[in-house]
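Chains A and B, in that order, are what the protein sequence lines are. Under the working numbering, think of the first position of the first sequence as 212, with each following residue one higher. Under the working numbering, think of the first position of the second sequence as 241, with each following residue one higher.
Some hints could be false.
With the Cβ distance kept under 7 Å, some of the chain A side facing chain B (calculated, not the full set) [what the hints assert, rightly or not]: (1) Thr-219; (2) Gly-314; (3) Ser-398.
Hints in this document: simulated from the structure, not taken from any laboratory. Because the structure is a prediction, the values reported are computed rather than measured. For each residue, glycine too, the CB sits at the ideal point set by N, CA and C.
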Amino acid sequence: MNRTLFLTNLKAHKMLFVIMNLVLLMYSSIMIYMFDPETSNAIAEMMEMLPKGFAVAFGFDDIAITLTSHIGSYLYGFIFIVFPMIFTVIAANSMVAKHVDRGSMAYLIATPNSRKTIIWTQAISLITMLTGLFVIQTILGILMSEMMFSGLLEVGPYIKINLITLLVFGVVSGIGFLGSCIFNESSRSLSMGISFPVAFLLLKMLSGASPDLSFLKYFTPYTLIDINKIMNTGNYTLWTSVALIIASFLIYFSAVTIFDKRSLNL
Amino acid sequence: MIKVDDLTQIYKSGKGIFNVSFEIKKGEVFGFLGPNGAGKTTTIRNIMGFSNSTGGKVTIDGHDARVETAILQERIGYLPGEIAFFENMTGMEFLNFMGKMRRLKNLEKRDELINRFELDPKGKIKKMSKGMKQKVGIVAAFMHDPDIIILDEPTSGLDPFMQNVFMDLIDEEKAKGKTIMMSSHIFEEVQRSCDRAGIIREGHLVAIEDIHSLKAMNKKRFKVMPMNDESKSKILSSDYKTESREDGSIFIDQNGSLNEFFRLMASCEIAEFDVVTQSLEDIFMKYYGEEKTHE
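Input sequences plus hints: build the corresponding full structure.
This is the structure in structure tokens:
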């Protein structure tokens, strides 16, 4: 890990990071504001009127009764998947493939730092920013909930929801990063970085849309952001976290190894 | 010091470099000449340890260039052929960044180079002209005072004055005993500062010559425009190899004594007189035969 490169990466993605935080803040503030303990039953009734598949496809499937499950189902079913996904796709590509495509990677590996050091630094930069995004949003979420509905948020489960979502993005960003390390052209790296997360999202939506398609949930990591299980099943968060951390590490490790061994035309 | 041993790298297109072998001695300035697309950059990529060769290898002081890259980079200064920096950095930010990546403490040489090349490092690199970017690259390649300097087409983008400043820098570094390799497609550049030159053509190293024999190859060609027929026939009937053009001008290949040549010129009425700069292509055409020069 190279500190200079790490700080340069953070600086280079400052704008993207701020914008993503603002977008997420906008959605989460609206969603939390919309929570009304009185009418949450009314919302539940309204949901019943929608075609079942439609509601499930957009993640509005759990009938939200508490503030925590309200946030969990309205935000972490779609918004907190789509925007971190966009962030991940852009950042993963710019960490490696963009430098290779543009040729600036030549400067990095012409310094007395091994390729492994350089690429691990890029990986850690990406993971740090992603973690930062979720930490900031979790803190903001808690603050907003306390301001608007003091005492209603179950902080523990809320943090767990964020943790699992973050760790799922460990895997999703790993796939983007792998693409970034494999391909010479930004365009190819981007298409790998985009197609997997989007396919995962579509699979999640389809799996909820009809019972016949529910088997599709086994093919997308977003299924693991299961608000019910996180909130109600004892060791779910622990074991899911362990599995996701191992999976992410393996993906990142292979990305770094592949980059270290490959031939670069810089 | 730098040993390129039977190096082969074949790209998917079938192009590449084939069984290239040469050695650069310590303290030597080695020119690497060849037209665009001949394989200069491919060879340099292997010396820098960027590429995995299809066959053969490069060693620098006995260290494998691809395996022990990080250790070797302590001692190498490199100027890439294509300028690509970090977007949105200013020249100074980039040089600071590179300095820190190299754990460089002494910034004297960097600042001296900035002055010497009249580089204004305050602007964003993205907005800089090609020549200014090239200067940033040159400063980055030399600022840590490396023993080994690898330069891929170093003078491209520089104006003639800056090319001279650069050539003076090369002479100084050479005097300090640095080992320098520079690729170029311009003959004069290599002729001026190199001890030896390798000539690469379509991926094959066609010759390694010391610079004196290369100079001998680079015969001068002049273009003259005689004012009258008398002068014209005088030139055409001389011993020199000549070529008449439709516009009335004559191309003369001069070799041997310059005195004799100018005596002939002085005896003629001439409207125009020009030195024809010979491209590397022309030199190849003359000295390595037709079959090697077709594209």
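Verification of the supplied hints:
no.	hint	result
1	Thr-219	holds (6 Å)
2	Gly-314	holds (3 Å)
3	Ser-398	violated (17 Å)
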